[in-house]
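Q: Next come the chains, spelled out residue by residue.
Protein chains: 2
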Amino acid sequence: MSSPSATQNTYPYQNEPTWSKSEKAIARTVFDAVLKRELQDVMWKTKQMANQIKEPAEVWELEHYLTERHEEIDREYDYRYSQLKQVFGRLLYEKRLGEEDSARTA
Amino acid sequence: MSSPSATQNTYPYQNEPTWSKSEKAIARTVFDAVLKRELQDVMWKTKQMANQIKEPAEVWELEHYLTERHEEIDREYDYRYSQLKQVFGRLLYEKRLGEEDSARTA
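Chain order of the listed sequences is W and Z.
Numbering of the first sequence is given in the numbering used here, commencing with residue 79 and proceeding in unit increments.
Numbering of the second sequence is given in the numbering used here, commencing with residue 79 and proceeding in unit increments.
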């Protein structure tokens with residue numbers, strides 16, 4: 079076990095990658111493309127749910143869906159460079175980010 | 079000015095009307111009918127807004143509309159007998175309660 083003094087006063091993000099200017103541009107393009115797709119999914123689902131509402135009180139189910147998706151998207155799409163590696167990792171794992179997104183940046 | 083002792087220990091709702099059993103039944107019928115109409119308005123407006131969404135980010139305008147209407151309706155439709163007189167008064171003033179509602183209870 080390392081002594082506490084070895085980790086004290088250490089810059090917390092020293093193991094984070096440094097993003098070059100071109101990497102930042104690529105990251106932004108990919109991030110925006112995936113977010114746009116995610117929002118489009120919410121839009122189609124919203125239109126579908128709204129169309130299928132038969133009873134007035136069902137509008138609160140749509141409200142609940144939208145509030146939940148809004149919170150999730152705000153939480154998951156965090157464009158801080160200190161977070162981006164994890165964000166892209168998760169998006170790849172969830173198959174929301176794929177090869178076609180790399181092609182976008184070529 | 080009355081002395082504090084004159085108002086102390088007074089039941090706070092002593093000026094509130096007492097609702098008879100039949101009045102309560104009428105109040106419930108009218109209340110439910112007006113609330114149903116209000117929710118139907120929200121439903122039609124929701125369907126219309128959802129249909130008109132062109133850009134994905136516009137779904138959050140619909141979310142905002144629904145959250146606001148939900149809060150308003152929860153606040154305005156307060157079925158406590160201590161509140162009902164004010165609730166009906168406001169609904170009449172806002173013309174959301176009319177003569178056809180009295181006919182409903184005849």
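Take the hints with a grain of salt, since some may be wrong.
One copy or any two copies: either way a pair holds, since identical chains are not told apart in the list.
[To be verified] Below 20 Å or equal to it, Euclidean Cα-Cα: the simulated EDC-like pairs (lysine to aspartate or glutamate) are:
(1) LYS125 <-> GLU139
(2) LYS125 <-> GLU178
(3) LYS125 <-> ASP110
(4) LYS114 <-> GLU139
These are calculated hints, taken from the structure and not from any lab test.
Q: Does each hint hold? Answer for all of them.
A: We went through each hint and held it up to the structure:
When the C-alpha separation of LYS125 and GLU139 is checked against a cutoff of 20 Å, the pair qualifies both within a copy, at 13 Å, and between copies, at 13 Å. In this assembly of identical chains, the alpha carbons of LYS125 and GLU178 never lie at most 20 Å apart, being 26 Å within a copy and 34 Å across copies at closest. Taking identical chains as interchangeable, the C-alpha atoms of LYS125 and ASP110 are never at most 20 Å apart, the minima being 22 Å within one chain and 28 Å between chains. Taking CA atoms no more than 20 Å apart as the test, LYS114 paired with GLU139 passes between copies only; the shortest distance there is 16 Å, against 24 Å inside one copy.
Consistency note: the structure conflicts with the earlier hints numbered 2, 3.
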